[in-house]
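Residue numbers (this note's numbering), protein chains in the order written: chain A, 11 to 333; chain B, 11 to 333.
FYI, nobody ran anything at the bench for these hints, they're computed from the structure.
There's no promise every hint is true.
Copies of the same chain are indistinguishable here, so a pair counts whether it falls within one copy or spans any two.
[To be verified] Derived lysine to any residue pairs resembling SDA-like cross-links, with alpha carbons at most 20 Å apart:
no. : residue 1 : residue 2
1   : 102       : 43
2   : 81        : 153
3   : 102       : 45
4   : 209       : 263
5   : 310       : 21
2 protein chains.
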Amino acid sequence: MLNTLTPATIRETANALANVVNRTPIITSRSLNQQLGGLKLFLKAENFQRVGAFKFRGAYNALRQLSSEDKQKGVVTHSSGNHAQGVALAAKLLNIPATIVMPDDAPVIKRTATAAYGAQIISCSAAQREAVSAQLVDQHNYTLIHPYDNDHVIAGQGTAAWELIHDVPDLDIIFTPVGGGGLISGTALAIAALTPNIKLVGVEPAAGDDANRSWRQGTVCRLTAVPQTIADGLRTRFIGQRNLAIMRQYVTDMTTVTDQDIITTLQFVWSRLKIIIEPSAAVALAPLFCGHYHLPTGTKVGIILSGGNIDLTQCGFFHQLND
Amino acid sequence: MLNTLTPATIRETANALANVVNRTPIITSRSLNQQLGGLKLFLKAENFQRVGAFKFRGAYNALRQLSSEDKQKGVVTHSSGNHAQGVALAAKLLNIPATIVMPDDAPVIKRTATAAYGAQIISCSAAQREAVSAQLVDQHNYTLIHPYDNDHVIAGQGTAAWELIHDVPDLDIIFTPVGGGGLISGTALAIAALTPNIKLVGVEPAAGDDANRSWRQGTVCRLTAVPQTIADGLRTRFIGQRNLAIMRQYVTDMTTVTDQDIITTLQFVWSRLKIIIEPSAAVALAPLFCGHYHLPTGTKVGIILSGGNIDLTQCGFFHQLND
Chain A
11 MLNTLTPATI RETANALANV VNRTPIITSR SLNQQLGGLK LFLKAENFQR VGAFKFRGAY
71 NALRQLSSED KQKGVVTHSS GNHAQGVALA AKLLNIPATI VMPDDAPVIK RTATAAYGAQ
131 IISCSAAQRE AVSAQLVDQH NYTLIHPYDN DHVIAGQGTA AWELIHDVPD LDIIFTPVGG
191 GGLISGTALA IAALTPNIKL VGVEPAAGDD ANRSWRQGTV CRLTAVPQTI ADGLRTRFIG
251 QRNLAIMRQY VTDMTTVTDQ DIITTLQFVW SRLKIIIEPS AAVALAPLFC GHYHLPTGTK
311 VGIILSGGNI DLTQCGFFHQ LND
Chain B
11 MLNTLTPATI RETANALANV VNRTPIITSR SLNQQLGGLK LFLKAENFQR VGAFKFRGAY
71 NALRQLSSED KQKGVVTHSS GNHAQGVALA AKLLNIPATI VMPDDAPVIK RTATAAYGAQ
131 IISCSAAQRE AVSAQLVDQH NYTLIHPYDN DHVIAGQGTA AWELIHDVPD LDIIFTPVGG
191 GGLISGTALA IAALTPNIKL VGVEPAAGDD ANRSWRQGTV CRLTAVPQTI ADGLRTRFIG
251 QRNLAIMRQY VTDMTTVTDQ DIITTLQFVW SRLKIIIEPS AAVALAPLFC GHYHLPTGTK
311 VGIILSGGNI DLTQCGFFHQ LND
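Given these sequences and hints, build the entire structure.
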């Protein structure tokens, strides 16, 4: 199925999803632009997407295109994060049975949110997730919805940039976070379809720079352990083959940020922009915000804020208040 | 100066402020509407206003109308909260010297934000704030910008509802928080000017229900101590005479919420709507959200989310991350 995707796919996908996904707002800030030396930033706020993250786009796009027979059999995925919730809601809307394999130690809040969309949850140890999912596919003929190594998922994720490019004319460059590569490869295709001269930069937590290395070397580099980073949505050990192929063709640059950069950026966004984003979303803004990446004054920059799902029970503020 | 305000004043004010204030977004949520039994809620997100709260509207409106001579002499106010920041930014924009009298124990973050707008800050004990301000007025002929008992401030605050009513046709009812009464009296005048049939409900923390009692009794009731509530923007001991006069004429109902109601509502807004609001802003939504106030299915409800300034250093999440 590698490389069945073309820029035209994104156009069809954007039309197909238009009435299902939220057309999320684009946020601008005078003070942020000033602070960054006169850049013009446009933040695509996918924290306001359904399920709180862009992942709903790809999940819905994959599920809507299953055959009637496959829809009846159901789907399975093994994410404990935003992709799980995306699949669960898409399945609910399309009346497809969904099973989510979650590690025992997944936060209660994520388990609850996923279950609330009506998905069946199966617990196992983190190490067994893939095996358990594969077993379910064998037993029940479920379709596995891979979180990023899937053409329909990639095309769906690309619709966020599709909207951004339509809403902000003359963008010069777009930054996305990179985990498995679903968002950045979809974004690449949206750019290619609409305005190929827009540059595209992928940002990764420094603790797991496999996508940076893969993109530079042209082969998928695999980390031996799950990277330790606050950006919980980007704790992938390797990107997909099809994601790498698209990235090699369209991505202009790749860079990394430290967890401290992520936290500094997160704190600014919460306190000054007044929106809740998750650490993984701060990753795309961090290189500019922390002064590690320089662009000429006046550059029009798109940033994909990927999501806003964060466990507020970690927030002492609410602890204190609930006491 | 009592009762120089008319609904027409709001119209002029809205026009005068249109290019200075942010026209803040109106937020809707499918899941919130469902959860509240099919109400249609429209949240006017003044947390996205300049300085992070509606208070900028009133402050700017008061300062812009000073005589040239008074502008040159400067202004003073004695707030440690959002009004202080509103006055400081308005003064900066209008090139007016501003002095803010702040209690010694004001949070560092508020002091820093106010100073960042270029205002002079004078510290004193909390009990001496009024006296110190009065002294500064005497010494320097500063104009005191009262946070709510001031016609221009009231008219400015009313422009938030003015925008809301323009952007959402056929609203049935609007809820605002009540501290000193500036926002609700401005809102009342906006309703009177545009669509007098919209009902208006004021909500107050139960710990300080002086506005509820004042409105029912028709005289200003004064609390002997500052009310102990998490809603730090509403810790006023009494409302203004001119605010009461307007409230008696236009307000349909008043109600109260507990701190637990405020926290429950705040947590929902942060975690599900993905926006940062402060406890005082949650107050207006809390009666409906917590099931204490019932309206028929389909009712179109406007809620003024008053602001989003909150000290995130209280948030253990960032502590933990910064360690």
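Here's how the hints hold up against the structure:
no.: 1; hint: 102 with 43; verdict: between (40 Å within a copy, 19 Å between copies)
no.: 2; hint: 81 with 153; verdict: within (8 Å within a copy, 70 Å between copies)
no.: 3; hint: 102 with 45; verdict: between (43 Å within a copy, 18 Å between copies)
no.: 4; hint: 209 with 263; verdict: within (8 Å within a copy, 55 Å between copies)
no.: 5; hint: 310 with 21; verdict: neither (23 Å within a copy, 36 Å between copies)
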